[in-house]
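Which chain is which? The protein sequence lines are P, S and Y, in order. Mapping the first sequence onto the UniProt record's numbering, position 227 (from 1) lands on 227, and the numbers just tick up by one. Mapping the second sequence onto the UniProt record's numbering, position 59 (from 1) lands on 59, and the numbers just tick up by one. Mapping the third sequence onto the UniProt record's numbering, position 20 (from 1) lands on 20, and the numbers just tick up by one.
Derived by calculation from the structure, the hints in this document are not laboratory data. Check the hints yourself; a few may be wrong.
Cut-off 25 Å, straight-line C-alpha distance, at most; resulting in silico cross-link-like pairs (DSS-like, lysine-lysine) [unchecked claim]: (1) LYS223(P) - LYS9(Y); (2) LYS22(S) - LYS98(P); (3) LYS38(Y) - LYS223(P); (4) LYS7(S) - LYS25(S); (5) LYS47(P) - LYS19(S); (6) LYS7(S) - LYS23(S); (7) LYS59(Y) - LYS98(P); (8) LYS73(P) - LYS19(S); (9) LYS9(Y) - LYS98(P); (10) LYS26(Y) - LYS223(P); (11) LYS118(P) - LYS87(Y); (12) LYS87(Y) - LYS75(P).
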Amino acid sequence: MRYQLGIVGGGPAGMMAALIGDRFGIKTILIDDNPALGGQLIKQTHKFFGSKDHYCGYRGFQIGSILREEIAKSKVEVITSATVTGIYPGFILGLHHKERYQEVGCDAVIVATGAKEKFLIFENNDLPGVYGAGAVQTLMNVYGVFPGRRALMIGSGNIGLIVTYQLLQAGVEVPFLVEILPEIGGWFVHAAKIARAGTRILTSHTIISALGEEEVEGAVIAKVDDQFHPVSGSEVTIDVDLICLAVGLSPLSDLLWQVGCRMEFIPELGGYLAWHNERMETTVPGLYVAGDVAGIEEATTAMLEGKVAAISAVSHLLGPSDELSAMQREIIRELDDLRSGDFSQVVSRGLRRLYDRP
Amino acid sequence: MSARISKGYITHHPIIEFKRGKKVKFFFEGQVLEGYEGEPIAAALHANGIKVLSYSVRYQRPRGFFCAVGKCASCLMEVDGRENVMVCMEPLREGMRVRRQRR
Amino acid sequence: MKSDFSEEKKIVCRCEDLTAAEIIKKIKEGYHTFDELKRVIRCGAGMCQGRTCRDLIMKLLAQHLNRRIEDLPHPTIRPPIKPIPLKSFQ
């Protein structure tokens with residue numbers, strides 16, 4: 001089977017890219033390794049900001065449903081529970097699906113594989129009950145499983161703050177959130193909300209150890225000095241049965257390394273990612289990136305990047321046109337607007353560093 | 001905030017209405033447990049209080065899932081005789097036989 | 001402050017069950033890239049193919065060699081990027 005456009009990853013970026021491809025009559029296949037499309041939108045229960053065009057006021061999982069319905073009505077071919085295991089010359093995608101390996105040829109490819117959660121080194125960090133914050137979100141927000149009685153949150157970025165709030169909503173006590181840096185990483189509004197609900201945010205603190213034989217029964221936290229070393233004597237043992245790690249995400253870029261894209265290390269965007277320009281073109285002609293794999297941000301920018309990448313792919317497949325480039329310029333302008341606020345300083349700095357490397 | 005919990009599941013949530021499959025029985029290490037059809041096996045096990053999904057290869061340390069989205073491979077179990085099934089992604093079906101892997 | 005025993009309980013590579021202490025020991029023995037470490041102790045060769053440990057090990061290498069992560073060679077990523085049972089090729 002041959003397709004004009006292959007999209008790897010059916011989250012906000014990939015779904016949006018597929019809809020654009022379809023709108024221009026491109027024969028598109030959308031591949032995702034989860035049982036259903038939606039990516040991480042399916043576990044996001046907070047309302048989105050931005051304008052009406054960006055699904056403002058909707059919750060993440062509602063946006064996921066809307067896009068899924070639009071894709072169901074389109075001509076996009078969808079394969080779920082399928083893993084792309086390699087991209088070979090001529091854009092042949094190796095695909096593992098239903099215990100069978102097969103290959104699918106494409107004329108252009110958009111990689112929108114998202115991100116992976118970072119792990120952290122501390123004593124007993126592998127004890128059952130030490131979960132990624134995203135894992136806990138999936139468990140409780142998608143499947144309604146009660147994740148634990150009392151939780152310790154590690155990390156005060158927006159994910160740590162938002163998941164803390166969601167834990168509280170689900171009836172989990174969250175007595176402490178520890179942050180190794182001297183300041184809270186995420187937005188003040190989110191931090192204020194959980195502080196009001198009773199969570200103590202301890203900056204310049206870290207986790208020393210998870211306690212328990214077979215699963216988490218407690219944790220030891222401690223103050224750190226300005227070199228981030230634990231201060232001896234400051235250790236406190238707390239009673240928790242769940243430890244959530246919200247210590248950052250990094251782009252899931254294995255396919256991009258494998259295919260030979262030039263990679264750049266940009267800590268502001270989560271680590272290594274494929275070099276790309278504002279049109280989401282990588283150093284491999286015909287291969288584009290969108291969403292968290294192109295730098296860790298959030299779902300609104302991921303959807304817009306998905307549109308930009310798809311327009312680049314359509315131009316590559318059908319030839320450039322004034323209509324396409326005008327449309328693309330408009331979306332890039334929207335992205336610039338979204339990233340112009342104080343909240344996006346770090347991402348903007350990272351993107352400038354990326355674009356400055358020709 | 002007014003969540004209600006019953007048997008490991010959130011039955012009432014201030015924002016989310018959970019759409020669950022039908023109740024099914026499955027086996028974990030020979031014992032009969034209940035879960036909802038279509039939810040990941042790891043979710044059903046966690047709701048039943050089972051967090052230890054395997055013991056590690058060298059030190060036999062208890063291991064649970066970590067990422068729950070099919071990336072970290074910490075949740076590999078034997079399901080209906082198939083080895084290395086990622087139970088954080090594998091939907092639960094009636095009568096499934098789930099075991100910790102012997103290595 | 002902490003005993004060696006606690007260092008043994010800090011897991012870096014979950015798949016192959018490798019502790020921070022074991023990885024640091026190998027770095028000190030002269031294995032200075034991720035791929036060299038992978039060949040001697042199998043870090044990143046397990047079922048997750050390094051998706052969980054790679055960032056941590058690159059950080060440990062950078063710390064102990066006093067270099068920046070981006071100045072260290074990145075591990076080679078080969079297909080298949082996720083293990084496929086041989087049965088699937090039949």
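Holds or violated: LYS87(Y) to LYS75(P), with C-alpha atoms at most 25 Å apart: Violated - the C-alpha atoms of LYS75(P) and LYS87(Y) are around 32 Å apart, more than 25 Å.
Pairwise hint evaluation, LYS223(P) against LYS38(Y), where the allowed Cα distance is 25 Å at most: violated, 34 Å
Pair hint outcome, LYS26(Y) versus LYS223(P) [Cα-Cα no greater than 25 Å]: Given that 25 Å is the threshold and the Cα spacing comes to 30 Å, the pair is violated.
Given hint LYS25(S) paired with LYS7(S) - CA-CA distance at most 25 Å: holds, 15 Å
Pairwise hint evaluation, LYS19(S) against LYS47(P), where the allowed Cα distance is 25 Å at most: Judged against 25 Å, a Cα distance of about 20 Å means the pair holds.
Hinted pair LYS73(P) and LYS19(S), Cα distance within 25 Å: This hinted pair holds, its Cα atoms lying about 22 Å apart.
Satisfaction of hint between LYS98(P) and LYS22(S), Cα-Cα up to 25 Å: holds, 23 Å
Hint consistency between LYS223(P) and LYS9(Y) [alpha-carbon to alpha-carbon, up to 25 Å]: Since the Cα atoms of LYS223(P) and LYS9(Y) sit roughly 21 Å apart, the hinted pair holds (cutoff 25 Å).
Given hint LYS87(Y) paired with LYS118(P) - CA-CA distance at most 25 Å: violated, 32 Å
Hinted pair LYS7(S) and LYS23(S), Cα distance within 25 Å: Given that 25 Å is the threshold and the Cα spacing comes to 13 Å, the pair holds.
LYS59(Y) paired with LYS98(P) [C-alpha distance capped at 25 Å]: Violated, because 37 Å separates the two Cα atoms, which is more than 25 Å.
Given pair status - LYS98(P), LYS9(Y), alpha carbons within 25 Å: violated, 37 Å
Violated hints, in rising order: 3, 7, 9, 10, 11, 12; the structure is consistent with all others.
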